[in-house]
Structure formats: structure tokens, C-alpha cells
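Asks: Now for the letters of each chain:
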Amino acid sequence: MSFPALYEYCQSLSVPIGHKLILEEAARLAGVPIPKVFASSELLPSAVRGYFVAPNDDSAFGRQAHGAPAIVFARELNRCWRRFVVVKEAMHLFDEPLQKTGTEGEFAALLNEFSAPSVDRSRAMQAEIACFWMALGVLCPELLRQELARDWHNGEITEQDVAMQLRIPAQYVPFLLGEPFKAIISRML
Amino acid sequence: MHDPGNHPTPPHRTPDQTKRTRIRSIEMATNLNKAQELIFGKDGLGASNFKMFPGSDRDATSEEISGQLAASARALLAGNLQEVTDLDDC
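Chains A and R, in that order, are what the protein sequence lines are. The opening position of the first sequence corresponds to residue 20 in the working numbering, with each subsequent residue numbered one higher. The opening position of the second sequence corresponds to residue 46 in the working numbering, with each subsequent residue numbered one higher.
To be clear, the hints were calculated from the coordinates, so they are not data collected in a lab. All values reported here derive from a predicted model rather than from experimental measurement. Yeah, the Cβ is synthetic: ideal placement off N, Cα and C, and Gly gets one too. Don't take every hint at face value.
[What the hints assert, rightly or not] Some, not all, of what chain R presents toward chain A, calculated at C-beta under 10 Å:
id : residue
1  : 75
2  : 77
3  : 81
4  : 87
5  : 88
6  : 121
7  : 122
[As the list claims (entries may be wrong)] Below, simulated DSS-like cross-link-like pairs (lysine-lysine); rule was C-alpha separation at most 27 Å, straight line:
id : chain 1 : residue 1 : chain 2 : residue 2
8  : A       : 119       : R       : 79
9  : R       : 79        : A       : 55
10 : A       : 55        : R       : 87
Throw the hints in and build the complete structure from the sequences for me.
Replies: This is how it looks when you write it as C-alpha cells:
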């Protein structure tokens, strides 16, 4: 798994970290073409904020895209959400074979799991959750995260301040700066 | 003896409304199949891995989600989606 290398790469970058840098390095580490990013007005953020698709080479889209994965986000999303959705979806470049959703049945099962979360999460759903934390991890270098967490806990800065600095959705700031983050991201390194 | 034919149409719903509801549910029921075909079919996106970022409404149904994914996948395949190179510019 190449995520630890990507995480390390992002530690020296200044914020807000450009999504292009993350996509290019993630693709290099995963050994795949750089994903192409698209905006879709067919997606409504209330139902679907975005998706990731890695095509088989012999499919119509695989030939059309020369094998490059696609990341699609809902056009209505604001800049912070777009960045986060694109980076979270890019983390699926690191999905292990058993975590991939590669059949119609696995797709239906994943949709059901989003609607009615299972007690025993599938490997595909575990990847969805892992990628959320991985995205937070690469969008904020750890030293800065510790500083922000201290200031946030002391009431010196707000979630909105952090969101503006990192250009991430404000509602995810508590996840990034909360106590469990370090332990969760460490399990992926 | 129970005769299902004797059940009248509920007073709050006309036969036309019942028919429209039935047609709508048939259309809805096909969204998942359409999305599966477009995402995994060889003439579609031919996905070896597909993942998604769910929306803010936790009550969105699989059929609603499938409908949007199918429409978006169709647009992607047709080359009708705008490619974005700078997220600040779109």
C-alpha cells in the first residue's frame, strides 16, 4: 500500500494543499494514470456528492480515457467540498483488491450498506471510511494539525477558521482536530 | 371466502393515481439496473472499481442514488461532462 508514502509527501507541503499535487503523487505511487476530474450537474449533493471509477482497459470508457480513472463531483458543491470529495475519491487509487467494488452485485451491496449500515462492514465499505480519514490526513500536515488542534481546543480559533485555512468542509474539522484522529491515521501508516 | 376482486379502490386514490404510482415504481425499480449496466458493462464505464461519496440526506434511497449515478455515468460516457483542471476555476 502506497498511502504512507503519499502521507509523508504531504507533510512538507504548504496549505491549502493543491488537489493536483495529491492526485499526481497518488497516481505515481499507485502506478496508474492521473485521474481525470469532472463536474456533473446530474448529481445532487443531497444524494451523491461524487464518485470514483477505475475502468477496465477493454471497456468503451477505458479505451476512451486511455485507462485513466475518473473522479466526478456534483457541480453544486462549493470549493471546499469539491476539493475534499476529489481527494477522498483519489484515495481509492490505493484500494486493495478485496476492497474494490468491481461487480454489479458488489455495487448493489455497497448502495444498501450506505442506506442501512451493517454491523459487519464489507471490505468495500471499510475502504470508503478509510479513504475519508486518509483524505483528512493528506490535506493537513501533522505538525500544523497539532498546532490547530491546540488553538481550537483553547478556543483561539473556530472550525470555520480552520476550514478556510485548509479549504476543507467545516463540518469535518472536529474529526481532523479531535482526539481519535492520530490513532486512526496511524493505523493506515 | 376471501375475494381479492371485491376490494374497492381506496377512496383517497383514483384508479388513475394508482396507475401512475405503479408506473413510477416500475421506472424507479430500473434505476439500479441502469446504473449497474452503465457502470460495469463493457459498453459502459467498465468499472474494475467504483466508489462514491454519499450526499447529505441520509434518507436518500438506493434508487434515487442509482438514478443520479446512471444519468451522470451516461453523460461521462458520452463526453458531456466538463473536465476540470483547476477546482478554483469551475
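Asks: If you test the structure against every hint from before, which numbers come out violated?
Replies: 1
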